[in-house]
Each structure stands twice: as C-alpha cells, then as structure tokens.
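Number of protein chains: 2
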Amino acid sequence: MRTRTKIKGAQAKRMKRSDCPLSCTLDLIGDRWSLLIVRDLLFGRSRYSELAAAGEGIPTNILAQRLKQLEQGGIIERRPSAKPRSRYDYCLTKAGLKLAPAVRALAEWGHSEIAGTRPLPLQARRRK
Amino acid sequence: MRTRTKIKGAQAKRMKRSDCPLSCTLDLIGDRWSLLIVRDLLFGRSRYSELAAAGEGIPTNILAQRLKQLEQGGIIERRPSAKPRSRYDYCLTKAGLKLAPAVRALAEWGHSEIAGTRPLPLQARRRK
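Going line by line, the protein sequences match chains A and B. According to this note's numbering, the residues represented by the first sequence are 1 to 128, in order. According to this note's numbering, the residues represented by the second sequence are 129 to 256, in order.
In isolation and in its complexed conformation, chain A is listed as follows:
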C-alpha cells in the first residue's frame, strides 16, 4: 500500500533538487494551490465539485493538474464515489493527513501576521 512506504516514485526523483526535506516537500506541494486542496480535504470535502467551489476560485485545469500531482506524490487517493452525481471521491492518504501540522503552522502564521485574515478552525476529520 502506497501510504505505508515513503514517497519514492519516479515523479519525486525527477523533481528532486536536493536531499533537504524542506526542498523535497516543496518539490511536491510548493505552489499556491496544493495545500489549499489539502486544507479542503482535511475539512472533509471529497468531491471534485466541492474542491472546485473553494473560495479562492481555483481554475479547473489547475485543480485537475494538482489533484493528479498530489495523487502521484502519494498525498491523496482517488476512489470510485459512493455518492450520486460524483465519479470519484478524493481523500488524503496517511502521508497526506500528516501534512495537517504544516497546514496549521502556515495558517497560524497568516492569521498572526497578515491583516484581514480570519482564523482557520483546523480540525482534521477522520478518513471514512
């Protein structure tokens, strides 16, 4: 099972800039959108349409591309949906769930340092 081993796919190797763990993390999620998708999955969103409806107005081509990258990076999983009108459900892998402290730290920094931000109630939901 992918989530039980460290991420070591061809994708990760191809993009690797150094053996610094911060650099390798940013190779996977160092952009303006990926962690917003992780945030929404932590909050229990699971459908493509729910992720597309995020307040930041993510363009659908970027959403589709980021979902693919996050899946290849072992951070999210796509499953056939049990819900009507939805083809797939997206959820965080065990590795993806472990991004919660980083998401929280970045959000806390933003709320502390950037004017006009609301606090983010970060309570990760359990995987179903």
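Since the hints were made in silico from the structure, they are not lab data. Accuracy of the hints is not assured; some may be wrong.
As the list claims (entries may be wrong) - Partner residues are not named here, just some residues of chain A that face chain B (Cβ under 8 Å, in silico):
#1 Arg32
#2 Leu63
#3 Val103
These numbers were taken from a predicted model, which means no experiment stands behind them. Note that CB positions come from ideal geometry on N, CA and C, so glycine has one too.
Model the placement of chain B on the given structure of chain A, informed by the hints.
Same frame as chain A, now just chain B:
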C-alpha cells in the same frame, strides 16, 4: 516599524484570493523557492552570494525576484552590509522569524514521508 504591524501592503491586497490565512500565506510564500530562502536565513546566511550558493541551485533571477517579494511582504529586511565584498545583508524580520515552526513542520513531513531526505537540524539563529 513594519515588523511590528501586520502585513497589509498593496502587494498583499493585490494578490489576496480569500481571507483564509493559509491562502494569504501561500499568496506570499507559496512557491518552490521562498521558504528555502527563509530556511537559509534561519540558518544564519545573510549575503546574496550565500543564498545563491544553496544546494538547490536557485537561478539568480529567481533569487533576486523572491528577495524583492519577501521584502515587500515584510518577511525579510535588507540592510547595508558590514562585511567586505557584500553590498547588502538580508535577514528575517520578526514576522519572518515566526515562519520557523512552519518551515520545521514542512521539513519534518518531508523527512518522514519522502525517501532519501536527510533530517534538517532546525535551530533558528538570533538576529544580530
């Protein structure tokens, strides 16, 4: 003094996608390079040449652009250098220093989840 108030410059407003603190943080540092510069400043690097020599091989045009963005975002400060052969010294502002927990959380995730990464000894140095 800029670092005593929240970041609220024109730059931040122009780029703001929502009032989510994570989104606003990623508006400022959501890319593959900015937090690597923060990492190096946390480790006590301060010269442009030292930052350019990071193991990830940051292109100098990107380094110059990111330094400018980080300065506009209130995360770093540029000062006339006291050292020979260096025009400016860069250092983290108080707001920038507060990114240390987020840098640590992202690095810990990488070391835990990505194969072939070394641990990052994260000890932020004091500002001089």
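To see whether the hints hold, each was checked on the structure:
1. Arg32: Check passed: Cβ of Arg32 (chain A) comes within 4 Å of chain B, closer than 8 Å.
2. Leu63: With Cβ-Cβ at 14 Å, over 8 Å, it is violated.
3. Val103: Holds. Min distance 6 Å.
Of the numbered hints listed earlier, the single one contradicted by the structure is hint 2.
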